[in-house]
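The whole structure should be built from the sequences, with the hints applied where relevant.
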Amino acid sequence: MIAQQLVNGTMLGAIYVLVAVAFTLAIGVLNFLNFSIPGLFMVGGMGTWILMRLGWHWSVAIGGALLAAALIALCVERLAYRRSQKSDPEVPLVSSLGFLVLLENLVLATVGSDQQPFPALVPDFNLRIGGLVIGAAQIISLVIAVCLVVWLSIMLRKTSLGRQIRGVAENRDTAILLGVDVGRLVPQLFVFSALFTALGGVLFALNYLQVSAFMGEGIGFKGIAAMIIGGMGSVWGAVLGGLLIGLTEVLSISYIGADFVNITVYGLLLVLLILRPQGLLGRAAAREKL
Amino acid sequence: MSGYQTGLLVILSFNVIAAYAVYLPLSAGQLNLGIAGFMAMGAYTAAYLSNELAWPLTAAIPAGAAASCLLALVVAVPILRTHGIYLALATFALGQVITAVFLNLEVVGAAAGYQVTTFTGPATVIAGAAGVLAFMLLLSRTRFALYLTAIKSDPTVADLMGINVRGMQIAAFAIGAAIAGLGGGLYGHHFSFVEAQHFSVALSVYTVLYVLLGGTQTVFGPLVGAAFFTLLPELLRASQGWRYVFFALFIIGFMATRPQGLITADLLRVFRRSRRAPEAAQP
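Going down the list, the protein sequences come from chains A and B. Residue 162 in the working numbering sits at position 148 of the first sequence; the count goes up by one each step and never skips. Residue 353 in the working numbering sits at position 267 of the second sequence; the count goes up by one each step and never skips.
Calculated directly from the structure, the hints in this document are not laboratory data. Hints may contain errors.
[Unchecked claim] SDA-like cross-link-like pairs, simulated, lysine to any residue; straight-line CA separation at most 20 Å:
| hint | chain 1 | residue 1 | chain 2 | residue 2 |
| --- | --- | --- | --- | --- |
| 1 | A | Lys172 | A | Val194 |
| 2 | B | Lys238 | A | Asn45 |
| 3 | B | Lys238 | B | Arg227 |
| 4 | A | Lys172 | A | Gln202 |
| 5 | B | Lys238 | B | Leu223 |
| 6 | B | Lys238 | A | Gln99 |
What follows is the structure in structure tokens.
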């Protein structure tokens, strides 16, 4: 029984990992708490559902939803991040929140507020290992999440793009002096971050077979928690935090009760913030921007 | 005044109270994303005291504010060790925990909500908001407000000038929480019902949104922001389901063109100068 819960928690955690990685890219490199990420998560799931209802093949629909999320992220960069570089640190947070309200209400106005059933794309196939039941959709999510995170961490470590990203994260001004084209790099980062979240939304829809206008909020906020627990700006920290949150959530649902989820998850976050503000794998922040 | 207008005025009053609860710590550079939690604390404490212990309204609501303030003092010491974004997220987590605790507290009805037997009319709520506004205006004239601005601009320099930075921050955080508790207490007694679900992340985050929309440079910013946030969706009511879409587009466009908020110190200075003496308004 407990082993099964651990498996379920890990699978749920895989989705949090993707969202937490998206947040950690925005915070670690740009020092920008991007509140539009929950909205992009919803665009991933809901966008796929809308395009499939229009009769598109599921693969094209997923691609279309990811593309939409990337385009929206570019708008966020232009309107929320770039315009408020020189003002108070809380300002980009507000306009990115404006994007969250916009996306949710656009869907609300066109589709309605109901939970919509998402068609089961993955065949109902269960892997049974010694009493453990693992669904095919769960395996696919975990594999995709792990592959993406490994790819991201190799990309950050080995490639020129990764070195530029780490340079900007370390010190923006020095990076500019050394010839990093920040004006081109930042939109790329926004697109990466959007793709990770939107893919999280697609995987969520595949696993839980429902989408709604507000599906991003709860997950998005827990993604923030996962990012902080792991350590802001650390990709592997986001992985650890995401899995930890997923496990905490599933275990507290099955052993304490569903109403206690927010107490355990955010209580964990609160305790950790007080004891170790830089997170489990993070370095202490020297200077930060909201 | 029609029932609709009274209702709108009451909502505006609640928004104004919440706005100042966010504004006070923000003017010291602390972003409190858990204001709904403190409102819940005030609402439940006041409701419990007037329901079960038959306290009069004039004692129960201030007691709710005091409870909220006390909670803030207790958590401020560990929480204010963090700063910047860590502080914002610690308050965010705190708000979630407080709401979740009330959602599970059987004494106050848990998830079913909590009936409040004593009712207070719109006049009390509006008076409460006016009182908070008057208090904030008075406070903005004191050295305390000046200290907070100094801490926001540069905590190190403020410290070097002899300001007790930590003390001031804790005071701003706790007074903000007391205002939130007052708003919560009034809310419970006006609507005769308290439910934990109302005090959600969305409430905290929207409050921060309209405070920043109004601008944090002056004490009038939150008032204007709250008024804007309450009235604009009403004006857009004709567009029905699309009104929040237009509202969000407005927020994005507004923050892109005027990131410092609606009301700024410069703007007020222009007003004052033109009012005082036209001939003195030389550059």
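Tested hints:
1. Lys172(A) x Val194(A): Judged against 20 Å, a Cα distance of about 16 Å means the pair holds.
2. Lys238(B) x Asn45(A): Distance ~18 Å between Lys238(B) and Asn45(A) Cα, so the pair holds.
3. Lys238(B) x Arg227(B): 17 Å, holds
4. Lys172(A) x Gln202(A): Distance ~17 Å between Lys172(A) and Gln202(A) Cα, so the pair holds.
5. Lys238(B) x Leu223(B): With a Cα-Cα distance of about 19 Å, the restraint between Lys238(B) and Leu223(B) holds, given a limit of 20 Å.
6. Lys238(B) x Gln99(A): Satisfied, since the Cα-Cα distance of roughly 18 Å is no more than 20 Å.
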